[in-house]
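Protein chains in written order, with my numbering: chain A, 1 to 320; chain B, 1 to 320.
Worth flagging that the hints you see were computed from the coordinates, not collected in a lab. This one's a predicted model, so the numbers in the text were calculated from it and none came from an experiment. Mixed in with the good hints there might be a few duds.
One copy or any two copies: either way a pair holds, since identical chains are not told apart in the list.
[Unchecked claim] Below, computed lysine to aspartate or glutamate pairings styled on DMTMM-like, alpha-carbon distance capped at 25 angstroms:
#  : residue 1 : residue 2
1  : K267      : E30
2  : K49       : E298
3  : K243      : D221
4  : K243      : D272
5  : K262      : E289
6  : K236      : E275
7  : K236      : E219
8  : K267      : D250
9  : K304      : D8
10 : K211      : D165
11 : K76       : E298
12 : K49       : D305
13 : K304      : D204
14 : K211      : E201
15 : K267      : E293
16 : K262      : D305
17 : K49       : D12
18 : K267      : E234
19 : K267      : E79
20 : K303      : E293
21 : K49       : E37
These are the residues of each chain, in order.
2 protein chains.
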Amino acid sequence: MTITTDLDHWADRIRSGDVRSISRAITAVENNSPESEPILRSLFPHTGKAHLAGITGAPGTGKSTLVDRLAAHYRKQNESVGIIAVDPSSPFTGGAILGDRIRMQGHATDSGIFIRSMATRGFLGGLSRATADAALVLEAAGKDRLLIETVGVGQDEVDIMRLADCTLVVLVPGLGDEVQALKAGIMEIADIFVLNKADREGADRFEQQLKAMLSLSPERDGWRPPVLRTVATESKGIAELAKTMDAYRDHLDRTGQRQARKIANWKQRLLDLLEARLMNRIVTNGIGEQGLESLAAEIAARKKDPYAAVTDLLARAGIC
Amino acid sequence: MTITTDLDHWADRIRSGDVRSISRAITAVENNSPESEPILRSLFPHTGKAHLAGITGAPGTGKSTLVDRLAAHYRKQNESVGIIAVDPSSPFTGGAILGDRIRMQGHATDSGIFIRSMATRGFLGGLSRATADAALVLEAAGKDRLLIETVGVGQDEVDIMRLADCTLVVLVPGLGDEVQALKAGIMEIADIFVLNKADREGADRFEQQLKAMLSLSPERDGWRPPVLRTVATESKGIAELAKTMDAYRDHLDRTGQRQARKIANWKQRLLDLLEARLMNRIVTNGIGEQGLESLAAEIAARKKDPYAAVTDLLARAGIC
């Protein structure tokens with residue numbers, strides 16, 4: 001009874017935009033703590049309305065400044081903004097190495113912007129799950145625009161970008177081998193290319209190369225990713241970019257793709273949840289980490305084969 | 001009866017090193033076809049003896065040539081070699097974009113070398129699982145040395161490198177922003193750094209920078225990753241590299257870390273197998289892809305919450 005009341009109170013405070021309540025909920029989903037499921041369940045009916053943009057690109061492309069200026073643009077239009085900055089880090093230590101959020105301090109007194117950094121966790125699928133859940137919290141908190149910023153195009157980043165209604169890939173002229181970055185899978189996740197630092201030397205040539213490359217790839221569901229030039233540090237090109245993002249949203253709505261994407265995304269998240277639930281049952285509340293370790297040792301010593309071990313595990317958990 | 005006999009025959013032919021039988025088994029594990037589990041089970045007791053090296057680095061670092069020359073070095077010592085080249089590709093289309101294996105044709109008539117390219121598949125965890133299983137096939141086929149080559153340091157690559165007894169990270173002077181590559185998680189997966197194309201301008205300076213950076217990070221379990229210079233195209237530095245790899249293996253054996261790594265690795269693979277088995281039961285043979293899609297649509301429309309949906313799914317599969 002008290003728990004339900006507390007939960008309702010917490011959910012109400014999140015929905016009213018209370019910063020501390022929002023933070024506490026995001027911490028809960030980050031840590032996958034026991035209170036995360038009840039609070040998400042309680043918030044869930046109030047989600048699904050925000051526009052979610054993903055912004056990715058290599059370090060040094062000025063993504064953070066771009067996100068900052070986009071946020072300022074939306075605030076001027078009186079839309080509230082939630083920003084999730086996913087920091088890259090070593091897959092083994094989990095320590096964030098990027099993450100200078102000082103740039104954001106210009107917004108510190110504006111309650112219409114909520115900013116949160118999330119660091120990579122060591123467990124597979126964990127980061128995109130946590131990011132997706134954090135986005136749900138911010139949606140329930142009534143944010144109109146969510147901006148999710150990630151670095152690079154690893155599997156984690158790709159998973160995170162699947163959440164987005166619109167994915168921006170930020171490039172700059174003259175930073176390493178751009179063509180290579182494009183080869184590495186970035187071409188196909190971009191809905192819009194942002195050529196930032198477009199006042200730099202080589203910007204024209206790079207834009208031409210990029211457009212030439214894009215002209216070779218087929219139109220995707222009636223949309224060919226445009227290339228937009230920005231100089232984020234001077235807020236140049238930001239309004240045009242925001243306009244193009246809205247045009248893309250309209251395109252997705254008109255063609256029914258936005259809905260199709262949401263469904264595909266929930267399908268994947270359903271599988272992730274299912275997996276988490278089962279692993280919790282079989283491992284955490286079943287054989288235990290220690291038991292699993294012993295079993296792995298037997299397999300490593302070739303005393304048992306892994307397929308027989310899995311059958312045993314299922315039988316122990318009463319699943320056969 | 002016939003099936004068992006066929007399976008035994010197939011396994012025997014793999015163990016005798018028959019190229020077509022090995023290829024067929026790797027294709028089976030790549031496709032996760034029904035015959036993959038029986039053949040792996042049958043081969044499993046004959047695995048666990050090969051030395052497995054992982055070789056990773058950005059495109060253009062000369063990894064493939066390095067692998068080629070390492071293989072030639074081992075062949076001279078009369079050791080048999082299996083090479084798995086994991087090709088990068090778009091996470092969405094699954095089409096390999098690298099993969100010029102022509103360089104390997106010099107070994108085409110040597111039955112002591114088996115070479116196989118594997119392309120990225122679209123499903124999460126799938127590539128490392130398939131690579132691990134392919135490595136088991138090659139171990140059972142009696143290969144003394146396995147060389148697994150991957151590009152980049154995404155989650156897939158990191159998962160693959162976890163398989164290895166020794167991970168080489170290949171760098172070259174003057175290719176993009178090396179320091180950035182190091183930041184992106186590569187520092188901690190490297191057991192040995194290979195500075196290839198070491199006859200290039202800037203190699204000395206780059207080596208100094210790299211060593212300076214390494215001197216700042218703590219020794220890891222009694223090993224500080226050394227930097228070895230090679231010019232793979234001229235076979236320079238290959239013997240020294242192979243010697244250092246063996247020294248690292250001895251270090252792991254002496255300190256018990258090799259065994260600990262194998263156990264940690266099997267623990268993860270056991271979880272992967274468990275997940276695959278359960279998903280097969282709940283989705284493929286349960287609600288079906290179509291049913292899952294309908295459920296996801298209800299969630300996207302906020303008619304059902306995802307947590308209740310998971311509970312329903314488990315109940316339907318008789319797991320409660």
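Checking each numbered hint in turn, tell me which of them this model violates, lowest number first.
Hints 4, 6, 7, 11, 13, 18, 19 are the ones this structure does not satisfy, whereas the remaining hints hold.
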